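Colleague: Residue numbers (this note's numbering): 17 to 224.
To be clear, the hints were calculated from the coordinates, so they are not data collected in a lab. All of these numbers come straight from a predicted model, not from anything done at the bench. Warning: the hint list may mix true and false statements.
[Said to hold, decoys possible] Calculated cross-link-like contacts (lysine-lysine; reagent style BS3-like; alpha-carbon spacing at most 27 Å):
1. 201 to 182
2. 171 to 132
3. 146 to 221
4. 132 to 146
5. 132 to 55
6. 146 to 87
7. 87 to 171
8. 55 to 146
9. 87 to 55
10. 182 to 221
11. 182 to 171
12. 87 to 132
[What the hints assert, rightly or not] Simulated restraints, written as ranges between beta carbons of each label pair:
13. 113 to 217: 37 to 47 Å
14. 220 to 63: 29 to 39 Å
15. 63 to 110: 17 to 27 Å
Glycine residues also receive a C-beta, built at the ideal position from the N, C-alpha and C atoms.
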Amino acid sequence: MPGSIQLSDYHVSRDTGFLLENPQEYLPDYFEPWNRLAKRMPDLVSRYSMREAVEEMPLLDHSRLTGYCQKRLAHMQLVLITSGYLWQEGDAGVVQRLPECVAVPLWHVSNTLGLKPVICHPDMCLANWKYTEDQRDIEVIYTVPGGSSSVWFFKVTCFVEMAFAKGLQSVQEVLDGVMEDDNVKVTSGLTGMTITVGNMQSAMKRMH
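Take these sequences, add in the hints, and give me the full structure.
Modeller: Shown next as structure tokens:
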């Protein structure tokens with residue numbers, strides 16, 4: 017349809033909404049140091065050995081990342097590594113500089129994606145989920161210090177995003193209706209969006 021807005025142009029899926037459809041868990045072998053430290057961050061922080069591990073990490077070539085999903089995963093891994101490095105000692109021991117091996121690729125990847133170089137919703141929710149083997153539930157891919165409470169927070173946020181995804185057809189209907197000057201289509205879409213908001217509120221209540 018001429019002029020119709022394509023949600024996929026904005027990395028939005030009709031099935032999962034703003035959640036990445038198939039988030040990657042690991043980068044290619046070349047980036048194994050990032051894979052390893054991001055996965056082990058909570059444990060290394062608890063042992064006060066995260067900074068030492070980061071300082072031993074080589075400077076990797078960020079330009080070897082290919083595709084949007086790899087760059088999203090790289091951003092999540094690098095901000096997790098950064099957070100662990102900065103906050104290992106708590107408020108009293110925050111360092112003022114990042115090692116080049118983290119700062120350089122994080123700066124470039126963040127600029128490419130238009131994301132801030134900090135832990136954010138696009139990282140820990142939108143790109144940090146996968147279905148369990150039986151496809152009946154979801155689980156997070158990467159965790160932060162805080163144990164099960166932080167994991168549940170990220171999961172519930174994903175549930176809210178999934179509830180929103182089911183209403184994307186209504187959003188598209190409103191957008192198309194406006195462009196076509198079709199009041200019936202706009203009204204139908206707005207009604208569907210109202211139902212979607214209610215479903216999102218129900219999902220949010222699972223936080224407690």
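Colleague: Give a verdict on every hint.
Modeller: The hints, checked one at a time:
1. 201 to 182: Judged against 27 Å, a Cα distance of about 17 Å means the pair holds.
2. 171 to 132: OK: residue 171 and residue 132 at ~22 Å, within 27 Å.
3. 146 to 221: holds (21 Å)
4. 132 to 146: Roughly 24 Å between the alpha carbons, so the hint for residue 132 and residue 146 holds.
5. 132 to 55: holds (21 Å)
6. 146 to 87: holds (17 Å)
7. 87 to 171: At roughly 22 Å apart (the allowed maximum being 27 Å), residue 171 and residue 87 satisfy the hint.
8. 55 to 146: holds (15 Å)
9. 87 to 55: holds (17 Å)
10. 182 to 221: holds (18 Å)
11. 182 to 171: Given pair residue 182, residue 171 holds - Cα atoms ~17 Å apart, limit 27 Å.
12. 87 to 132: It holds: about 13 Å lies between the C-alpha atoms, which stays within 27 Å.
13. 113 to 217: 37 to 47 Å: holds (43 Å)
14. 220 to 63: 29 to 39 Å: holds (35 Å)
15. 63 to 110: 17 to 27 Å: Once the Cβ atoms are compared, 18 Å apart, the range 17 to 27 Å for residue 110 and residue 63 holds.
Consistency note: the structure conflicts with none of the earlier hints.
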